[in-house]
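*Asks:* If you're matching them up, the sequences are chains V, X, S and U in order. Sequential numbering from 1 applies to the first sequence in the working numbering. Sequential numbering from 1 applies to the second sequence in the working numbering. Sequential numbering from 1 applies to the third sequence in the working numbering. Sequential numbering from 1 applies to the fourth sequence in the working numbering.
One or more of the hints may lead you astray.
To be verified - List time: in silico DMTMM-like cross-link candidates among lysine to aspartate or glutamate, alpha-carbon distance up to 20 Å:
#1 K31(X) to E353(U)
#2 K61(X) to E33(S)
#3 K85(X) to E353(U)
#4 K149(U) to D168(V)
#5 K67(S) to D26(X)
#6 K25(X) to E68(S)
#7 K93(V) to D53(V)
#8 K25(X) to D18(V)
#9 K160(X) to E222(U)
#10 K67(S) to D289(U)
#11 K27(S) to E186(U)
#12 K31(X) to E68(S)
#13 K149(U) to E26(S)
#14 K149(U) to E68(S)
#15 K102(U) to D155(U)
Said to hold, decoys possible - A partial selection of chain X residues facing chain V, derived with a Cβ cut-off under 8 Å:
#16 Y50
#17 V54
#18 I55
#19 N57
#20 V105
#21 T113
#22 H130
#23 S133
#24 D135
#25 V143
#26 S194
Since the hints were derived computationally from the structure, they do not count as laboratory data. By construction, the Cβ of each residue, glycine as well, lies at the ideal position given by its N, Cα and C atoms.
For reference, the chains in residue letters:
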Amino acid sequence: MAENNSRKNIFERMFAIDRRWVYGFLMLAVVLSVIAKPIIPIPISREARSIYDFMNSLNSGDYIHLAMDYDPSTLAELHPMTRAVLKQCFEKKIKVIITALHQNGPGMAAAAIDTACQRHFELTGYRPESGKDWVFLGYKPYPILIILGMGQNYRIPFPNDYYNVPLDSLPMMNGIRNYQNVKAVINISATSATDWWITYGNGRYQVPLAIGVTGVMATDYYPYLQTGQIFGILGGLQGAAEYETLVGTPGKAVEGMSVQVVGHSIIIIFIIIGNIGYFATRKKSKLGL
Amino acid sequence: MDFGTAISNTVAALLTLCIFSFLYKDNPFYKFAEHLVVGVSAGYWVSILYINVVIPNIWQKLTAGKWWYVIPTILGVLMWTRIVKRWSWISRYPLAFYLGIVTGVAIPLEMQTKVLEQIFGTVQSFAALHNSSTDFWAGFNTVVVVIGIITSLVYFFFSKEHKGATGSVAKVGIWTLMIGFGASFGYTVMARISLLIERIQFLVNDWLPGLFG
Amino acid sequence: MKRQFPLIIIFSLGLFMVVQYFVPHEKSEFFYEFIALDWPPIIGAFALMLGVISLTRVSITKIKRKKEAWGYSIVTLIGLFTMSAVGVVGYHYPPLTRAFNWNFNNIMIPISATMFSLLAFFIASAAYRAFRARSVLATILLVAAIIVMMRFFPLGPLTSVVGRASDWILNVPNLAAKRAILIGVGLGIVSTAMKVILGIERSYLGKD
Amino acid sequence: MDGVADVGRTARLRVCIIAATLLSFSALASAQVENPVADTAAVYPAATIAEPPPAPITNLKVKDLPNDHGHAFRLTWTISADDTGGRNNVRQYAVLRTPAWKGPFTEPQGAGPGWRNEQGHWWHLVEGEWDTVGTIPSSTAEYVNRGGKARESSDYFPDYVGFSFKVLTVGARGSISESAIFGPVESSGQWFHAGKTWVVLAVLVYGGLMLTMVRLARGGKELFIRPLAGINAVDEAIGRATEMGRPILYVLGLGSPDEIATIASFTILSRVAKKVAEYQTELIVPCYDSIVMTIAQETVKQAYIDAGRGDDYHEDMVYFVTQNQFAYVAAINGTMLRRQTATNFYLGVFYAESLILAETGSLAGSIQISGTDRITQLPFFVVACDYTLIGEELYAASAYLGREPILLGTLKAQDYTKAVLMVLMGLGVLAGILNIAWLTDLFVLNI
Chain V
1 MAENNSRKNI FERMFAIDRR WVYGFLMLAV VLSVIAKPII PIPISREARS
51 IYDFMNSLNS GDYIHLAMDY DPSTLAELHP MTRAVLKQCF EKKIKVIITA
101 LHQNGPGMAA AAIDTACQRH FELTGYRPES GKDWVFLGYK PYPILIILGM
151 GQNYRIPFPN DYYNVPLDSL PMMNGIRNYQ NVKAVINISA TSATDWWITY
201 GNGRYQVPLA IGVTGVMATD YYPYLQTGQI FGILGGLQGA AEYETLVGTP
251 GKAVEGMSVQ VVGHSIIIIF IIIGNIGYFA TRKKSKLGL
Chain X
1 MDFGTAISNT VAALLTLCIF SFLYKDNPFY KFAEHLVVGV SAGYWVSILY
51 INVVIPNIWQ KLTAGKWWYV IPTILGVLMW TRIVKRWSWI SRYPLAFYLG
101 IVTGVAIPLE MQTKVLEQIF GTVQSFAALH NSSTDFWAGF NTVVVVIGII
151 TSLVYFFFSK EHKGATGSVA KVGIWTLMIG FGASFGYTVM ARISLLIERI
201 QFLVNDWLPG LFG
Chain S
1 MKRQFPLIII FSLGLFMVVQ YFVPHEKSEF FYEFIALDWP PIIGAFALML
51 GVISLTRVSI TKIKRKKEAW GYSIVTLIGL FTMSAVGVVG YHYPPLTRAF
101 NWNFNNIMIP ISATMFSLLA FFIASAAYRA FRARSVLATI LLVAAIIVMM
151 RFFPLGPLTS VVGRASDWIL NVPNLAAKRA ILIGVGLGIV STAMKVILGI
201 ERSYLGKD
Chain U
1 MDGVADVGRT ARLRVCIIAA TLLSFSALAS AQVENPVADT AAVYPAATIA
51 EPPPAPITNL KVKDLPNDHG HAFRLTWTIS ADDTGGRNNV RQYAVLRTPA
101 WKGPFTEPQG AGPGWRNEQG HWWHLVEGEW DTVGTIPSST AEYVNRGGKA
151 RESSDYFPDY VGFSFKVLTV GARGSISESA IFGPVESSGQ WFHAGKTWVV
201 LAVLVYGGLM LTMVRLARGG KELFIRPLAG INAVDEAIGR ATEMGRPILY
251 VLGLGSPDEI ATIASFTILS RVAKKVAEYQ TELIVPCYDS IVMTIAQETV
301 KQAYIDAGRG DDYHEDMVYF VTQNQFAYVA AINGTMLRRQ TATNFYLGVF
351 YAESLILAET GSLAGSIQIS GTDRITQLPF FVVACDYTLI GEELYAASAY
401 LGREPILLGT LKAQDYTKAV LMVLMGLGVL AGILNIAWLT DLFVLNI
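Here chain V stands alone, though its shape is the one from the complex:
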């Protein structure tokens, strides 16, 4: 029994260390790997490629609707997706209608559009303009009813765009009534707005829908992929890195994925050590379940 006790207090001491050491270790590992900037190959999944192929099949002058329903707390995973999609649209001269149905989101969406236009200007010397290449409609409360409203006519929930310019005076919007005039909706979101786009956007108006969501939600939407209610999923930072690679501008997401390898390894090692300690000290589950 003695040998079991000595092993028990080794592990007990190991697990009783202050949790701040664990925090410090993780922080240090991430800081070092961010500085080291390692790059790993990003495998492309079917779910991400189907979105890229669809966007590639569009002709210049087609319309798509980019729904950015997230707020600053999840911009780490979702902003790279938005930037990559906007870059692809501006390059292929696809006209983009943009909405932001999260109350903390509009300011961030406007900033994202601005940086995408600036990047496009630096690349091609042409700066995409509001009302000609893209339209930003902004925010309205009660996303379910806004999604339904846009299915009937964009002008019901959005008489003006985010800068309070009437929709009918935007050249790009004449002849554009509702989802029938849009080739697809790409919903980049961190909230249940994705469920509402699936149920009220695709469910009622059958508009082709692709989603880019945080890692927390990504696995819950595979049933919709199989039924065809959505035609693609970008899952968390990995989805963002895949799309950045597909669009040809590896950026923050690709760099972030290499650091993820370090982060994930730490978590896996912790779980394994923890369980070794657990089985070593033979703490049977008290309820014998």
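Following the hints, position chains X, S and U against chain V.
*Replies:* What follows is chains X, S and U alone, placed relative to chain V:
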């Protein structure tokens, strides 16, 4: 990097460090940053609602002579009676108006997209087995999926005792659910860590070079 | 009167919206477009403003009564009033919008982004001390999680094996599990909606 | 781009017209297939070069688009013999509609017949004149002529007006052949969308089941719910805490009082409080929401009275901590470690902070029972706690314990509906395996 951005980045970096300080222990810096963001985001809502709703959907509609937009505005103001205990029953009318619409709209569509569409999706996956392109593996996977669905549904079935046959079916069901939760666990870990990575990228790649650049 | 009339409104509006879904005719779309979809955002704006008002009230009472840590409520109020003033007035006097955007980019974004990054630390510490294969179910969960977590690791020859295994987990067992959960969630939402419309569920009315 | 050129001037003029025609062709070929706005300009160039026209399309059929709000026709035909076969020189098809429909105008222009006032907007119906309503690339055999329903939009056209159609086959160098004229046909809106029959059926069946089950439960009928392993785990955990003589911690979560998971948690709290009263173990209930706290106090007090220990109940067992997510969790961690609680219950609505609770609890060596309907939190509870009530199990546990009619009735209705759905799916899968096409085609939603 010009001077203005360095200043802004420093403010952002200091606030980031204030939040990280919570890891050490709950302290005044963390409390300051947290209460500040609660206030600023509430102020942000007020501005967004004013610019994005009050002006286009109320003010401009009324001034354009569409007087009937007064009705939803009154209903909206009635919502504020919730604050005063005595009058709070008045707020039931705007609430009833909104709830009636949202629940009515939800019933057919939630049933269609979350229940019927899923059942038919599984059935069609079997019908699709007969076209030429499906190989053995696709058939195998389709069978595993339908077994997983039926066993998981049996696990969440409460009208029959989980004994004998039902018991073992339910056991396979909970195992399938556990694999599903395992997948969510794996992706959630990635999600949480990517938030940390982005903040460190900001501090290391954007802020520090700006200071010493 | 206080309870009956709202219930009638909910029942009639709810029933109309359910039936309207099945009637594509133009006549049924008039009410659907011009009342059901056009008015609620206006009500929603006031409802959200309600949240801001109650935040202000709570902060003010905290300060007046010098409740514990009342100093921070002043910070909340200062943040609230400067931001809304800059935002609202800024719409009519454009130079202020620069300050509005500055506040958003340099106060809201860093704090909100960092707030949830704390969770990475909590997961690391919990992984070290709490995530145990204490039962068969927990073991299955952890094994599946570890496979999925290694799907993008550069493991040389092993990469494609782990990648395909993780892809299989996502598209077969995970699909079955989440589809069964979806069916349960769907039925749950529909039953809650029906109970509200039929007046069986009245808790939202509160006590009168 | 009007495209109709008057041929027959000088040769030089003819050359530049040919060049212009070829140019417009290349632009046309790349233009997108279905232009949402009906392009009224005649887009087919006059036949400039002697070219034998391609064979016309055959058996053109036009009917009102079903299941829509009207203002739409669906044309189907067999493609021209010279399209991807024969001379294979078909560039595109053009759909023409008569009588012509001009507008909207603010008031009638001139006397003539055919002026119609459409809700304040004037439109002109011109008999014998053709409108081009769509151009489609070759090898397509159908077209939807969809108009707007708003009287002022340029692509509006009226219901219940007899329109006739013909389809022109346009050759590579502009030669044209016309199809037979089909019509007149009237467009109209339908009062029931046939494709949604399945949804109506499902809603009626489920609604009916719900109503009968709730009425039965209210009538006191004994509705069977299977015993749940989770409830045995709760009892065992309480028993163990009594043996060790250490307090029990019950956390109701961050939900508001009207959320189903919080309501279910109240029912389980009353059972735990009753057992705790019997065994005289100490109970600690820290709350996040003040209204939840008041309801919890009433529940615990009532449970103590039911157990005949009314006087043992004291007010500060159930107390309000704070409305801030992380501060609330930090306070509970302190209580757990200070009081060395034997058992911790986490039942209700939980978000990402639940991780810290479960970790501290397992460090303090207490048994932990959790339960929530937040799917994203379940994986962490399963691996960090001893037992977890998953999603609907939490509702079932409270229905089993509390026997509250509405919750019980709803649960039974959902159970029977799931049974029906499983049978339906089994039938469909069987049809799929046996490849009975007509049966599997039933299992389709064409909305």
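*Asks:* Against each hint, give a clear statement of whether it holds in the structure.
*Replies:* Here is how each hint holds up against the structure:
1. For the hint pairing K31(X) with E353(U), the CA-to-CA distance comes to about 17 Å; that is within 20 Å, so the pair holds.
2. As the CA atoms of K61(X) and E33(S) are separated by approximately 16 Å, the hinted pair is consistent with the 20 Å bound.
3. A C-alpha spacing of about 33 Å is found between K85(X) and E353(U), which places the hinted pair above 20 Å, so the restraint is violated.
4. As the CA atoms of K149(U) and D168(V) are separated by approximately 17 Å, the hinted pair is consistent with the 20 Å bound.
5. This hinted pair checks out: K67(S) and D26(X) have alpha carbons roughly 18 Å apart, not beyond 20 Å.
6. For the hint pairing K25(X) with E68(S), the CA-to-CA distance comes to about 18 Å; that is within 20 Å, so the pair holds.
7. As the CA atoms of K93(V) and D53(V) are separated by approximately 16 Å, the hinted pair is consistent with the 20 Å bound.
8. Note on K25(X) and D18(V): the hinted pairing holds, with a Cα-Cα distance of about 12 Å set against a maximum of 20 Å.
9. Restraint check for K160(X) and E222(U): satisfied, since their Cα atoms lie roughly 14 Å apart, inside the 20 Å limit.
10. The suggested pairing of K67(S) with D289(U) holds, with an alpha-carbon distance near 17 Å, which does not exceed 20 Å.
11. Restraint check for K27(S) and E186(U): the C-alpha separation of about 18 Å stays at or below 20 Å, so the hint holds.
12. The suggested pairing of K31(X) with E68(S) holds, with an alpha-carbon distance near 12 Å, which does not exceed 20 Å.
13. Taking the CA atoms of K149(U) and E26(S), the gap is about 8 Å. The hint holds against a cut of 20 Å.
14. In summary, the hint linking K149(U) to E68(S) is not supported, as the alpha carbons are separated by about 62 Å, beyond the 20 Å threshold.
15. Between the alpha carbons of K102(U) and D155(U) the distance comes to roughly 10 Å, so the proposed pair stays at or under 20 Å and holds.
16. For Y50(X), the suggested interface contact is broken, since its CB lies about 11 Å from the closest CB of chain V, more than 8 Å.
17. At a threshold of 8 Å, the smallest CB-CB gap from V54(X) to chain V is about 11 Å, leaving the interface hint violated.
18. Of the supplied interface hints, the one on I55(X) holds, with its beta-carbon coming within about 6 Å of a beta-carbon of chain V, less than 8 Å.
19. Interface hint at N57(X): satisfied, since its Cβ lies 7 Å from the closest Cβ of chain V, which is below the 8 Å cut-off.
20. With its C-beta approaching chain V no nearer than about 7 Å, V105(X) sits inside the 8 Å limit, and its interface hint holds.
21. Against a cut-off of 8 Å between C-beta atoms, the interface hint on T113(X) holds, since the closest Cβ of chain V lies about 4 Å away.
22. The closest approach between the C-beta of H130(X) and any C-beta of chain V is roughly 17 Å, which is over the 8 Å cut-off, so the hint fails.
23. Hint status for S133(X) relative to chain V: violated, with the closest Cβ pair at about 15 Å, above 8 Å.
24. Hint on D135(X) is violated. Least Cβ distance to chain V is approximately 16 Å, over the 8 Å limit.
25. Violation of the interface hint for V143(X) is found here, the shortest Cβ-Cβ separation to chain V being roughly 14 Å, above the 8 Å cut-off.
26. Interface restraint check: S194(X) against chain V, minimum CB-CB distance 4 Å, threshold 8 Å, status holds.
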